[in-house]
Every structure is written in C-alpha cells, then in structure tokens.
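Q: Let's have the full structure, built from the sequences with the hints guiding it.
Top to bottom, those sequences are chains A and X.
Okay, so the first sequence: first residue is 162 according to the numbering used here, each after it adds one.
Okay, so the second sequence: first residue is 4 according to the numbering used here, each after it adds one.
In short, the hints are calculated from the structure, not lab data.
Computed cross-link-like contacts, SDA-like style, restricted to lysine to any residue with a CA-CA straight-line distance of at most 25 Å:
1. A:273 to A:235
2. X:331 to A:227
3. X:77 to A:200
4. X:331 to A:236
5. X:77 to A:196
6. A:199 to X:138
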Amino acid sequence: MLENYLPILIFIGVGLLVGIIPLALGMVIGPHRPDGAKNSPYECGFEAFEDSRMKFDVRFYLVAILFIIFDLEIAFLFPWAVALDSIGLFGLLAMALFLGILVIGFIYEWKKGALEWE
Amino acid sequence: MLETIMNVWEGLPLVMQIMAKITLIVAPLMLAVAYVTYAERKVIGYMQVRLGPNRVGPKGWLQPIADAVKLLTKEVIIPTNANRYLFLIAPVLSIAPALAAWAVIPFDDGMALANINAGLLYILALSSLGVYGVIIAGWASNSKYALLGAMRSAAQIVAYEIAMGFALVGVIMVAGSLNLGEIVSAQSGSIYHWYLLPLLPLFLVFFISGVAETNRAPFDVAEGESEIVAGFHVEYSGMAFAVFFLAEYANMILISALTALLFLGGWLSPFQGILPESAFAIPVIGWFLDSGIHWFLIKTAFFLFCFLWFRATFPRYRYDQIMRLGWKVLIPVTIVWLFVLGVGVAFGIGPWFA
Chain A
162 MLENYLPILI
172 FIGVGLLVGI
182 IPLALGMVIG
192 PHRPDGAKNS
202 PYECGFEAFE
212 DSRMKFDVRF
222 YLVAILFIIF
232 DLEIAFLFPW
242 AVALDSIGLF
252 GLLAMALFLG
262 ILVIGFIYEW
272 KKGALEWE
Chain X
4 MLETIMNVWE
14 GLPLVMQIMA
24 KITLIVAPLM
34 LAVAYVTYAE
44 RKVIGYMQVR
54 LGPNRVGPKG
64 WLQPIADAVK
74 LLTKEVIIPT
84 NANRYLFLIA
94 PVLSIAPALA
104 AWAVIPFDDG
114 MALANINAGL
124 LYILALSSLG
134 VYGVIIAGWA
144 SNSKYALLGA
154 MRSAAQIVAY
164 EIAMGFALVG
174 VIMVAGSLNL
184 GEIVSAQSGS
194 IYHWYLLPLL
204 PLFLVFFISG
214 VAETNRAPFD
224 VAEGESEIVA
234 GFHVEYSGMA
244 FAVFFLAEYA
254 NMILISALTA
264 LLFLGGWLSP
274 FQGILPESAF
284 AIPVIGWFLD
294 SGIHWFLIKT
304 AFFLFCFLWF
314 RATFPRYRYD
324 QIMRLGWKVL
334 IPVTIVWLFV
344 LGVGVAFGIG
354 PWFA
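A: Structure (structure tokens):
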C-alpha cells in the first residue's frame, strides 16, 4: 500500500532538483559583477528610500480568511463525495444541511460587502 | 532482444526503475515546456498577422534553445535588500509542485508512475503549494512592485482554488473515486459518457479557474506589465527568472492534462461506442481510432492551444472584475451544481447518473 508512495517521494525530490540545478548552473556560468545601482530594488529609476514591506489592503487578509473556511469545506466534501454511493439519502441530507449553513454564511458576507473590490 | 532488455530491467534496483520512469516523464515534459513557449509566440504571432520568431534555425525551431542559452549566461542578480535564502528558494518552490503532480497522471490505461487511490487529493494539495513560491518571491524581493504583484496573485490563486476544488468535488461525486485512472475508466462507453456534457458547468468553471490559477491572460494582473512591470518576479533575472517561467508553463500543461483526464475521458477515443468494433481492427487507422495515449496528448494539446488562444483574444480583466468572477459567479454556480449532482447521484436520475 505505502510502496505506491515511494515514486511520489522520489518525484518530489526530482522536482526540487529540476529547480535547484538550473539555478546553481546559472549562478556558476553567468557573470557576477555586483553594482550598487544594479542591485537596488527596482522602482522605476527612483532610489528606494524605505523598506518596501509596506501596509497593504486589509481585504487581502479577508480573502485569506474566507479561503480557509471554504478550503476546509472542500476537504470535508472530498471523502463525502467518494462515499456518496454507499451513504445514500442520509448522507445527502447531512451534507445539504452542512452546505446550507455555509451558504447562509456566504450570503451574509456577500451582503456585508466582504467580496467587494473597487 | 526484447527479453534481454526486460531481464536487465527486472534486475535493476527499484529506485533505478523509478528514476528511469521519472526521466521518461520529466524529459518530454521539459521539452514540451520549451516548445510551448515557441508555440505561444508563433500562434500569437499569426493571430496578430505577424510571423513570430523565425530567425534561429529553420522557421525559428531553435528559438527555445537560444533562449535557454541566453538566460543561462545572464547574471543572477540578488537585490541588496532581499532575503537571500528565501529569494533563491522561491523559484524552486514554484517548480517542484508543478512537476511532482505528474507522478499520479495516468497517460494510458494503467500507465501512471504511482497508481495511488488518493490521486486527486494529492494533485489538489500540490497545486495549493504553488502559491507559496509566488508569495515568498514577492516578499523576499523586498521591492514594492514585487510585493504588490505577490499579494494580488496570492489572493487571486486562493479565490480560484475554491472554485476549482468544488468542481473537483463534482467529478468525484459522479465517479465515486479519487483515483485518476478510475475516474477516466468511469467515463468509458462513448463520447456521451465523458463528463463534459453531464458536468458542463463544472468543466467551464474548472478550466476558467485553471487559467486564473496559472496567472495566464486574461487573468494576468499578477504580471500586469503595464501597471506593476512584472509583478512578483520583477527582481529575478537569468536562470532564477527562467525557473519561474518553466513553472508557469509546466502548470499550464498540467491544467490542460487534468482537464483532459477529468472531463474529456483522458486516453479514451471519441469514436469508442460509435464506430463498429471492426473499425478498430484495421491495421494503422484502427490503432489511431482506438483509445490510447495519443488521444490524451491530442486533448492536452487542444487545451494548451486554448491557453494561447485566450491570450491573443481577451483583454486583461480588472482586478475587481477577477474577484467578482471568482467569488460571485464561479463559486455560486458550483455550489448549485453540487446540489443538483447530489440529488442526481443519490436518486440515480438518468440518463447519466443511473
């Protein structure tokens, strides 16, 4: 059972190598001539006068929170969907109730304007 | 001859066998990535009544190789204010999941590297990891454009991830399995058994979300050349940039392959169940008409062409329009369709769910 997952583990390793080897090659083969102006962050010719990790719109945060709720929902739906054939009507109604509660929350956040971007 | 090869193969240690198989997947994949970049420039060129690249080699066939050599000999600049380690880890983090997801893709009946029963879950997990590459790149660059691009891109990927997940749930409900091979087998019969028709809304949602997930036009605000120069990878140069580029195209091919597997029956032939059995017995034509890896490749290539086609056709969306489409159109559509599917599957309503 678990030996099926060995190729996946190796493949992830190969995937990492496919990223690391070109990077290392590029750093070895490419020239290395550092220069103050070249190495400064790009800001359309201006000198960067402050740290660029600035404040950002709170809505990005809100989207992240909403994502967690919905993604968790999907994680719950996956096993339910696989077993739908065998759990029949009871399973369907249970999930309908669960989805119904989520839909009410979704409508609430929609009305509150959490999904508005302008 | 064949027997000796098989004997040598059997004699190899398991890890060597797996490595050989992985090479057989990764090498054509990287070649495909290189030539998708060429195809993109050619296709968009012809759609805009230009010739596209035609200088390097016959008809420009060597253009991707020339690009690779050029990028290889460029300096990898690490900005002074950047966080060195995260800056270099980010491109690796974005390409590794894009490649590793191929471990569970079945190319033909039983032709998958790892035939695991949680295949779709694994793909969903890996495709969510891609966002880390983007956001770490943006943050580690310590540049305003990069940070803005990363925030936009992360919020967009996250929003469309939900619609995509719901679409996958629909497929699982009908197929009753997470194993990609079994999902394809469940679609066998004829072209009408493919999930394209019964799950048409989910197919549209899945492919649109796929385009948005890969940050391709018309959802490419993360790059937004005209507003934030290149978004999260503005500070990357040389091979570091090339790795991001590879990841983007590998993701495109992955999404195309997944769409072909989940909704168009993967390796199944569209003529199955329509032509009489005798048609498949004709020597060469019969092999082509019958199910096989070539149908999987043709379907994947078609969706890849759609990616390029979209880029040449649609103007870029505004950011608020993207978020509205994701949250207010795609997610409600999928939730409603999940209810429809649930009733259809539980009560066995025909013709599809019986």
